[in-house]
Each structure stands twice: as C-alpha cells, then as structure tokens.
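Assemble chain H onto chain D, guided by the hints.
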Amino acid sequence: MTVDLSLNYFALFGLPCQFNIDETALDCAWHALQAEVHPDRHAHQPDDVRRAAMQQATRVNEAYATLKKPLARAQYLLELAGGIDAQRLNANTVASEYLFEQLEWREAVEETRRANDADGLEQLALRLQIQTDAILTQLAEQLGPRRDFNAAADTTQRLMFLDKLRRQIDDALAAIDT
Amino acid sequence: MALLQIAEPDAPTAAPPKHRLAVGIDLGTTHSLVATVKNGIAVCLTDEQGRALMPSVVHYRSDNGIDVGFDAQNARVTDPRNTIVSVKRFMGRGTKDVPHIEAMPYVFEETPGMLRLRTVQGSKSPVEISADLLRALHTRAEAHFGSELTDAVITVPAYFDDAQRQATRDAARLAGLNVLRLLNEPTAAAVAYGLDNAAEGVYAVFDLGGGTFDLSILKLTHGVFEVLATNGDTALGGDDFDHRLYCWALDNAHISPPSDEDARRLQMAVRAAKELLTLSEEAPLRLRLASGEEIDLPLNRADFFDMTRPLVQKTLAPVKRTLRDAGLAPADIKGVVMVGGASRMPHVQRAVAEFFGQEPLTNLDPDKVVALGAAIQANVLAGNRQTDEQWLLLDVIPLSLGLETMGGLSEKIIPRNTTLPVARAQEFTTFKDGQTAMSFHVVQGERELVSDCRSLARFELRGIPPMAAGAARVRVTFQVDADGLLSVSAREANTGKETGIHVKPSYGLTDNEIADMLRAGIESANADLAARALREQQVEAERLLEAYAQALATDGDLLNGHERAAIDALVTRLRQAAAQQDPSAIADSIAALSRATEDFAARRMNRSVRAALAGHNIDELQHLQP
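Chains as they are written, first to last, in our numbering: chain D, 270 to 447; chain H, 12 to 637.
Treat the hints as calculated values from the structure; they're not laboratory data.
Treat the hints loosely; a few may be bogus.
[To be verified] Stretch-level coverage of chain H by chain D, calculated; a stretch enters the list once three of its residues show a Cβ under 8 Å from a Cβ in chain D:
{"hint": "1", "stretch": "110-121"}
{"hint": "2", "stretch": "300-314"}
{"hint": "3", "stretch": "321-333"}
{"hint": "4", "stretch": "428-435"}
All C-beta atoms, glycine included, are put in the ideal place defined by N, C-alpha and C.
The following block holds chain D by itself, in its conformation from the complex (with noise of 0.2 Å):
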C-alpha cells in the first residue's frame, strides 16, 4: 500500500513531530482513523476489503501504541532522527555514572520482592515514577529544543531500564495477589 503507510506515524495523526504530544490531540486522531479503517467497519464488505482493512487498522495501532507510551515515543524520534537503531539500545547496558544507582535499585526490587512485602513494592513503585518523572523532562529537552541526539540516546537506555524495573514490580505485586 502506498500513501499512508509511508507517512511517519506523527504525520498519520496530523501531530508535529516532537516528544511533547498533546495525548487528547492524538487520542481524538486515533477514534477519527479507526472509525474508517477499523475490521468492524467493513465485516458485511468482501474479503479483498476486509484483508485492506486489517492491514490499516493494525497500522494504526501499531502508530498509536508508538506515541502514546513515552518510551516507545523516545525511541522512535531516536529512529527518525538518523541511525540511531532502537533495538540495539539495550536495558541492560548503561553508561558506567549510572551503574551504581541501577544496582541499588535492582537490589531494592529484589529484596522487596523476595520479603513478598506488598506495600514496600507500591512505595518503590511510586519512587520509580517521581525518577522517570524526572527523566522525561530532560528527554523533553534533549530531544526538542537542544536536539542532542547522543544525549537522548543515553537518557533513553536509563528510561529503558526503569521500565523494565516497572514490569518487575508489576509482575512481583500481581504474584502476591494471586
């Protein structure tokens, strides 16, 4: 297919292309594509259309679900940006200033965890955000107005990695419900 899935998934939600995103703007341009395209809109259609119109709505989802999450947002400017290959950033490598703060917290999720200590797991949780917070202003400023690629780069393997500790959490907190 031509047009539309060679637009950048900014221009296909008619966004301009930076990390700050109006999240209503995109959401509203999400409902508004879907409506169109979406396998449900089609379903009495025959199947050359159906098979078109589960191509464009996978598509656009795939675009929404790239925007909306602010890692996924980061690494995908770092894409557009020239070269700078998302799959190779890795959560587990980081720059060395890094490293020690990164220990400290893997130690603290995992002696939480093992104590099956519920509310410490929330507490970490919520520290966890107040950090990526953080992160994500400078991202915001790395990526837009000072445009320092290399920089972004590296914030974004520390976002990569408070992340993964964020699915940590989340996975140790759901064990100990069940």
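Just chain H now, kept in the frame of chain D:
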C-alpha cells in the same frame, strides 16, 4: 480525459443495501441466548413457551436422537453420562485443565489437544457439543424470521485464550453460522449498558458467569468503547460456588462416593439452594436419593457466605491486576456494571461495593445483557446502520503471546492488553550452514516458563534458501485479528521468498478435521450437500457484486479505463456463473473478481484514511487541547 459514469442497463447499480438478518448469541456455561435487533430495539428471541434462556444442556439419546435445552434437563438425572452440562468449561482444554473433573459423571478421553467425551453416540468433542447448542439457537432464530439466517456475533469470555476462541469459532462453523465477530462478553455488556445510558467515562464490567470470570475496564468517549485492560479466570464461576456447597453437603449428609445419578440430584439441589439464598435468609437442602434415603440439611445465608468467601476473594485478584495494568485506582472508576447470573449473589455485590467504594450498577438483567449487546453489534456488522450512527469497539488481547527461546523461557512478542488488531514481526537467523528449516513454539500466558504458559502451536518453516550460518534472515509476522485469533506468516528477507509454514495447533482442530465433521454432520442430517454448496456460493456472489456496485458508485474514479474494463469483464463472468448450477465455477469467478479488486480496495481504504485525516488537521487538533 475524465471518465463519465454511464450505467448500462444491466450494470450493477448501487441499490440501497438490503436489511440483513443477523443475531447475537451468548453461548454461556449454564444458559445460552439468542437476540436480534427488531425495529431498532434489541430483543431476546424466545422458544415456543416464551422462554429466552436455554439451558446449555445436550442429551445424546441411545436411539441417536439429540435433545437440547429444557428437553434435555430431565435426562441430567436419569442419564448423567450422556447428558452434558457446562461444556464451555471443556472448550480448548485438556483433562488436566478442568477443575473438579473427578466429580463429573462423564467418561473423558485424553486426546492430543482438546479432551473428548465418550457418549452413547460415540466420542464427542466439546466443539461438536457446543455446535449442538448453537444449532438449537440457530433453528430458534430461523423460526422467528421465517427465513434462512447465517450471520452471527458469538460472545466469548474476554479472558478466553486463542485455543478457546478457536474452538468457539469452529463450533459456530459446524452449526452453519457465519461468524461476523467473536465479541468479548464484558464488551458486549458495555455496549448494551453504554448505549442505553449514554454513559461517558471509565467503567468496569464485573462479569461472573456460570463458569468464567472477567473484569474489563473500558473508557467510553463519544461513541468509542475502548477497552483499557482486561483480566479474569476462565475456570471460576457460579459452578464453583455450587461445587463448594456440594462438597459441604456430601460431608454433612455423610454420603460417601455417590452414584452418578445421586451426584446429579445433589448438584441440582445445591444450585437451587444457592439461587434461593440470593432472595431469602434460609434454604434448607432437601432431597431424596435413589435408595429412598431422605436428606434434610439446614442451610442459611451466613453458612453459605462463609464457605464460599475464598471464591469471592479470588475474583478480586484479577480486579487489582486490571486496575494496575490500566494505571488506575478504584476511585477512578465511574461505575461498575454487574453481569452474569452469579453476580447476583449478595456477598459478591458487597465485596465489589467495598473494593470500589460505590454500589455496583445492577439495573440491567445480568442474564440477558451480553446477548443484547451482541445483537446490537451484529446489526452494525451486518451493515444495517448508517455510518454516522455507528460506534467503535476497540478491544484488546487478554494474554501475552510469546515464543519459546533457549532454556524453555517465553519471550513475549505481543504483550497483554495491546489493542487489536495487532501485528508484530520478529527476525530470526539460521545457526548452521545450509540450514533450510526452523521450528517455533508459540505460547500464550504471562509466566516466564514455557511450561507454565498455554501451548498454542508448533510450526516449522521450510524452504529457507541454503546460506551460510547467520546469513538467512527470516522475518516471522504474528497477526492477531479483531477476534483475538492468531495467524502466522514468514518470509526470508534477503530473497523475499515466502517460506512454507506448517502449523500444528497444540489445541483445537485442524481445518481438515472441521471439514470432516461438517461433512459427517450434513450427511447424517440427510441434507443435500450439493444444493447447500450452490446456495452458499450464490449468496456469496450476490454479496460481492452488491459490494462492488457500491464501491463503484462512491469511488469509481479511482480506477482508470483499463482497470475498470478488466474488472467489469470479471463481474460479467461472475454474474453468468451465478446463474448456472456449478458451485465451483462460481467460487472460481468469486476468487478472480476479489483478486482483481484487491488493489482497488486498498486505494479506497487509503482515500478514507486521507478523508479522516483531512477532518483533523493539526490546527483543529490543537483546539482540542484542554
């Protein structure tokens, strides 16, 4: 030169689309229902006695007859082994997956994939038994309409995995239904509730049915029903409350292993007692066993609540997980919609009220709301509504999809709660020189170990061009459609060569098995196979011609003269074929026409995307900022 559209006398004209018959079916663990939209209002279709609910019971008689629903109820006691209840709990499941299987009066067969039941009419798959339930509802609907019906929306628990969904769709195919959509039960309920109450905001749907539990959180905005997260337990429902009561009764009445017949009597008695306790404080358990012995056990509400409290607690774990996945707190929820017969139990309602800090919404019939929502959606999917009065359902995949990697670990490819449809591509390479095949194992579930997840399929890629180790790049795409069903395709990236995929489903039936069952079913019903095939093809041809005529009327300008002439020739060919009696000739013409219009369809879709974009340019979107 611009092309003028001149309608030939026999050319397709864009007549207003006909009203198509379509139903919504709630295929429940204890009861099933069929509903449709009549004069703009969703109604449940009733049997001759005016009953909407059909017990989900099938009796296979020794004289080869099959009774379904109320007609099969009495046989539950007299012929328990051949009278199947709660078959939904067996869909896409092996014997090890089913709780309390030891208390069931059936003869199970452990076959690879799904379990089977040995009956007087031979070995039956849960798919075939469910198809018998669906056939009864299909017949009920056709009697109402006085004409043939094929299109249906079938509801499934939101937390059903791929194997359970596939099994449900197979059952519908066996029952001669064209499945417009598999719709998640809580989503169907939200549609019925949301449209009825013009609801906006974030709602939770708490759906405790006979055998399954779902909790979905949805955001309702201007006609969009967006599922934010879902969780549940496909082996938790009213049946488990019955079982708890049943075990208590066995202990207290000092009955040690009961006969199948007595077990069934007792099961029916405890269910009646449970239902009575929703209305009254006391429900003594009284019944007479086959031996003539009388049982009379005092039972009150407090006793029942005490013994089933752990089950109520069990519903709260998925509730918490859903909220966490949606990034919400209980106070963010505007209303909690209660669905499913078991949600009537007062201690369930109290637990929900305490957790969310508000009284749950119980102003709709928890038994019917799912079928009504499905009917409303079926009506839309059949194309019976104008585009501007449609709404949009954005649902999610309930359980993560993963691939087995080294060490028996699951690597997540598509995480749970991703909006559907979704596709993810992953690249793999060969580790030996000249390697031409690779094998994969797809699993579903949240656990790290593959052995703790559900195995969906093992497949092999063959025909990879021989290259040095690590040189071949095979791109495997996992596509999950709006029904939550997975399909896999693969391509070698260097050569672009489509690699052959051989999928062996771990659970569920192969297409050949379905074809065999269909054939057997049709033959035993003594139906005229050829006439049926011809009719189906003719209907399909009519559908395609109508759709194409409509497409031409709105977007005919997207085709140039050559393209239009080529397609028109195929239209003529199809119209001629449809007038003849050869189903395979019609099928060929249908295939030729839809291949030829594929590109046209893609262009039209692009046009509508552009139109949608044009309606939301950046300036306008910025006005929407809060």
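Which hints from the list above does the structure break, by number from lowest to highest?
Going through the list in order, the structure violates hints 1, 2 and respects the others.
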